[in-house]
Amino acid sequence: MNIETAGHGTLIIILIMAVVTLATRWGGIYVMSFVPISYRVQQFIGAMSGSVLIAVLAPLALAGDNGARAALATTAVVMLLVKKPLPAIAAGIVVAALIRAL
Amino acid sequence: MHVIDKPPVGIEWGEVWDGFRQLAPISLFVVIFGLAFGLAAAQAGLEGTSIMLMSSLVFAGAAQFAVLDLWGEQVPLVPLVVTVFAINARHLLMGATLYPWLRELPPAKRYGVMLVVSDANWALSQQAFNRGAPGLGLLLGGGIALWLAWAAGSWLGLSFGNAIQDPVSLGLDMVMGCFLLAMVVGGKKNLRMLVIWTLAGGSSLLAYRYLPENSHVVVGALAGGILGAVWMEKNDEH
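Chains A and B, in that order, give the protein sequences.
Note that this note's numbering numbers the first sequence so that position 89 is 89, with each residue one more than the last.
Note that this note's numbering numbers the second sequence so that position 138 is 1138, with each residue one more than the last.
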């Protein structure tokens, strides 16, 4: 099934996108309201929260160019040393720009 | 029944403003992503009002970019829904991780805050929760900053998109990745978390390679979460 983008079609497509996205934003807390928050569930949630970010970042490092990899490595190291996000991010971006300029 | 020590709940306006300020620097880069989206959407044939409507109602950059790939005289319905859902499925997990704090709020506020949940403000709130600090105000304030930046960027892109010549050579494409990584590294670190993250990263890469597109985030996050539920932290009551 296809939606024509002429006329009201674009509006319908945008509304479908908005509803699907909203379902993902609301669905997690809605489902959790039926789950008792036991210690095991807390441990699941705590482990999952870091894992979401790692799972976003891993392919970025693998599929990215050397600039991307160096940027991530620099950010990690600076963050471990200085423990402040902004210098860590700035260092990562500068390194990516430098490597890509070489 | 175990009860965790909870930070104070509820939303303070001072905290919302704090979240807005803390994500303001990142939001400047979100303006640039938005600009790139506005430009790409205009080139794909969308009108200005449609682009603004999409960015303000959907507020999900990766999914919006992916939909442009499907754009033509007709857009296939099932791939549209599957693409948007798969890319945004991580919101389901973010909502689940926020639930222990959000459940203290009345439902209207609880679902209202979730309207602006995105990667950066969610990561910021998680870091606050890890420190035992309140994070829902940061989530809301940071989300408002990101939403404004995304909408403003989209408008700039469709209006004057050609101004930025090469954001990649300036490293600007790495801002969000570096920010998310800084949030991970700034979080709680011990052997258990390192093993969990290694499993999450490994399974994400395997899914990225062998499973359908856009499944890697959910696969990696669930793998890490399940290991965390099996290998629980030592606790006085356990």
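If you are wondering where the hints come from, they were derived from the structure by calculation, not from laboratory data.
Any given hint could turn out to be false.
[To be verified] Cut-off 30 Å, straight-line C-alpha distance, at most; resulting in silico cross-link-like pairs (DSS-like, lysine-lysine): (1) B:Lys-1234 - B:Lys-1188; (2) A:Lys-83 - B:Lys-1189; (3) B:Lys-1188 - A:Lys-83; (4) A:Lys-84 - B:Lys-1188; (5) B:Lys-1234 - B:Lys-1189; (6) B:Lys-1189 - A:Lys-84; (7) B:Lys-1234 - A:Lys-83; (8) B:Lys-1109 - B:Lys-1188.
These are the hints, each one checked on the structure:
1. B:Lys-1234 - B:Lys-1188: 15 Å, holds
2. A:Lys-83 - B:Lys-1189: The given pair, whose Cα atoms are some 13 Å apart, holds under the 30 Å limit.
3. B:Lys-1188 - A:Lys-83: Holds: Lys-1188 (chain B) and Lys-83 (chain A) sit about 12 Å apart, inside 30 Å.
4. A:Lys-84 - B:Lys-1188: Given that 30 Å is the threshold and the Cα spacing comes to 14 Å, the pair holds.
5. B:Lys-1234 - B:Lys-1189: 15 Å, holds
6. B:Lys-1189 - A:Lys-84: The given pair, whose Cα atoms are some 16 Å apart, holds under the 30 Å limit.
7. B:Lys-1234 - A:Lys-83: With a Cα-Cα distance of about 26 Å, the restraint between Lys-1234 (chain B) and Lys-83 (chain A) holds, given a limit of 30 Å.
8. B:Lys-1109 - B:Lys-1188: 29 Å, holds
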